[in-house]
Amino acid sequence: MPKRDRAQPGDEPGLAGFGRSAGPATLILSSLAGGPKHGYALTKDVEEFAGVRLAPGTLYEALARLESQGMIEALEPADRRRPYQLTAAGAAALRTHLNAQQRVTEVGLRRLGARWVTG
Amino acid sequence: MSRHGAVPARRAVRLLRWYPASWRARYGEEFAELLMADIEERPRSAARILDVARGGLTARLAGAGLAGRPLAAAGHGVTPQARYRQVSASLGSLAGVLAVFLVAGAVPCSELVIDRQAVPRVIPPLSRPASGALLATDAISAAMLLLLALAVLAAVPVLAAVLATAAAAGFGRADRAGRAPAGRLLRPAAVLLAGGMFLFIGARHFGNGWPGTGGHGSFVPAGLAAFGWALSLSVSAYWAHPASLLASFPRPEVCWMAASPVALAACVVAAAVLVRRAGLSPRVLAFEVRLAVAACAVLPVAAGAAACWVATSGGRLNAPFHAGLIDLACTVVLALALPVAARAARLARRELLLAGSRP
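In the order they appear, the protein sequences are chains A and B.
Mind the numbering: the first sequence is residues 877 to 995 in this note's numbering, read in order.
Mind the numbering: the second sequence is residues 363 to 721 in this note's numbering, read in order.
Since the hints were derived computationally from the structure, they do not count as laboratory data.
Note that the coordinates shown come from a computational prediction; the quantities given were computed from them, not determined experimentally.
The beta carbon of each residue, even a glycine, is placed where N, CA and C say it ideally should be.
Be aware that one or more of the hints could be misleading.
To be verified - Examples of chain A residues lying across from chain B (beta carbon under 7 Å, computed):
id	residue
1	915
2	916
3	931
4	932
5	933
6	936
7	952
8	957
9	961
10	987
11	991
Claimed, not checked - Distance ranges between label pairs, derived from CB positions:
id	chain 1	residue 1	chain 2	residue 2	range
12	B	391	A	988	45 to 51 Å
13	A	950	B	406	30 to 36 Å
14	B	687	A	979	54 to 60 Å
Said to hold, decoys possible - Sample of chain B residues at the chain A side, in silico, Cβ under 8 Å:
id	residue
15	391
16	395
17	396
18	397
19	413
20	417
21	446
Full structure from sequences and hints, please.
See below:
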């Protein structure tokens, strides 16, 4: 047994703590940034804007974690389907995460443009 | 009324069974709706089955305090009580793993202790395998005794909490969720008591036939060694003998070998449920976590000694200190138990720290 706990992915604040679920969590938060949605509507929206189909188990694993961390909240169910909406904490976490991703994207594209010719 | 057909509904219900009841109570209905819509779009999908199975198993492991982080450190809305429940879940699973470890460890331990009597106390010079086996005997025996002591120490506050809850809550009064707190403890406590008594009486009775009665030369008390041998008879003897030889065993012994693992499994499950439901105080939980960490430090000693013995064992089939297939299987069980126990203890300690208690 280690004498002290090593930092676990879940110990970090925001989406950095999601480990391998960070991808689905980002997609879900990005979708909910456009307004509340239930599971099926989330799947369709993510498929439309990201070209990725979130499998049901993966979607609900991420939803449960996001809800437990207060990044999303459940609304009253309608017709056996429960919509979820983004919270202020979720919006802040998404903004931080996307800003970090944007910096990586910009650096990557700049370096690609400088050294590699397209086609 | 669902908008989906009967076949997708049936298949969704089947898929939902991968998840634990608590998860289904919270997400079951909406998840079933999503599954039905998905099944109608893609009637056959192995990927969906695998994804749901993985998600369900992850949820079950997380519920058992063995995986996942349902209560993250960011912790919006996560109460200390929820974290204490998670600590109890991890400790309950750890109790189960330790019970399996003790039984699997009793097999090589018994065999080594028994074989030790076949080797005279001083044989100058001892052969290398024999001296290695003697060292392994001492290491496993010491580790098993220490684990047993830790298990007894851990059981005392749990039993005290169960009795206190039963006395304070009354057996008939229901809580706000409509469940009688003491009633929820009564069934696992009764199973544990009945199973424990059966195992104790049976192991004491069949321990009289212990082959080491003539003098075993180990520091393990003879009564305890005989008890461990009889308790693990189902593992060490039942499968080891061909049917013809097994038929010559006394009928009560064969019945014992068949019934004792069932009783043991019932006891393990009941103990795990009891730890989860006992509503242990943060102070007791901190004490239990300290014991869990200590147990995790001892486990590798027993597993390592058993592995060393199995790896270096040689000689004829019936020679002293010969390790057979059952010893190998038990060593594998011991090795597999190590990471599970370590994970449970680590998660319990982590949740306890996050709840604000110091183990």
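Results for each hint:
The criterion of a C-beta within 7 Å of any C-beta in chain B is met by residue 915 (chain A), whose closest approach is roughly 4 Å, and the hint holds. For residue 916 (chain A), the shortest C-beta to C-beta distance to chain B is roughly 5 Å, which falls under 7 Å, so the interface hint holds. About 4 Å separates the beta-carbon of residue 931 (chain A) from the nearest beta-carbon of chain B, less than 7 Å, and the hint is met. Hint status for residue 932 (chain A): holds, given a least beta-carbon distance of 5 Å to chain B, under 7 Å.
Look at residue 933 (chain A): its Cβ gets to within about 3 Å of chain B, closer than 7 Å, so that hint holds up. Because the beta carbon of residue 936 (chain A) sits about 5 Å from the nearest beta carbon in chain B, less than 7 Å, this interface hint is met. Hint status for residue 952 (chain A) relative to chain B: violated, with the closest Cβ pair at about 12 Å, above 7 Å. Taking 7 Å as the C-beta contact cut-off toward chain B, the hint placing residue 957 (chain A) at the interface holds, the least distance being around 5 Å.
Residue-level restraint check for residue 961 (chain A) is violated (minimum Cβ-Cβ distance to chain B is 14 Å; threshold 7 Å). The beta carbon of residue 987 (chain A) comes no nearer than 33 Å to any beta carbon in chain B, farther than 7 Å, and the hint placing it at the interface is violated. At a threshold of 7 Å, the smallest CB-CB gap from residue 991 (chain A) to chain B is about 38 Å, leaving the interface hint violated. Between residue 391 (chain B) and residue 988 (chain A) the CB atoms are about 47 Å apart, so this pair conforms to the stated range of 45 to 51 Å.
For residue 950 (chain A) and residue 406 (chain B), the hinted distance range of 30 to 36 Å is satisfied, since their beta carbons lie about 31 Å from each other. About 58 Å separates the C-beta atoms of residue 687 (chain B) and residue 979 (chain A), a value consistent with the hinted range of 54 to 60 Å. With a least beta-carbon distance of about 5 Å to chain A, the hint placing residue 391 (chain B) at the interface is held under the 8 Å criterion. For residue 395 (chain B), the interface hint holds, the least distance from its beta-carbon to any beta-carbon of chain A being 5 Å, beneath 8 Å.
Proximity of residue 396 (chain B) to chain A holds as hinted, the smallest CB-CB distance being about 4 Å (cut-off 8 Å). Because the smallest distance between the Cβ of residue 397 (chain B) and any Cβ of chain A comes to about 5 Å, under 8 Å, the interface hint for this residue holds. Among the interface hints, the one on residue 413 (chain B) holds; its C-beta lies about 4 Å from the nearest C-beta in chain A, closer than the 8 Å criterion. Among the interface hints, the one on residue 417 (chain B) holds; its C-beta lies about 3 Å from the nearest C-beta in chain A, closer than the 8 Å criterion.
The beta carbon of residue 446 (chain B) comes no nearer than 16 Å to any beta carbon in chain A, farther than 8 Å, and the hint placing it at the interface is violated.
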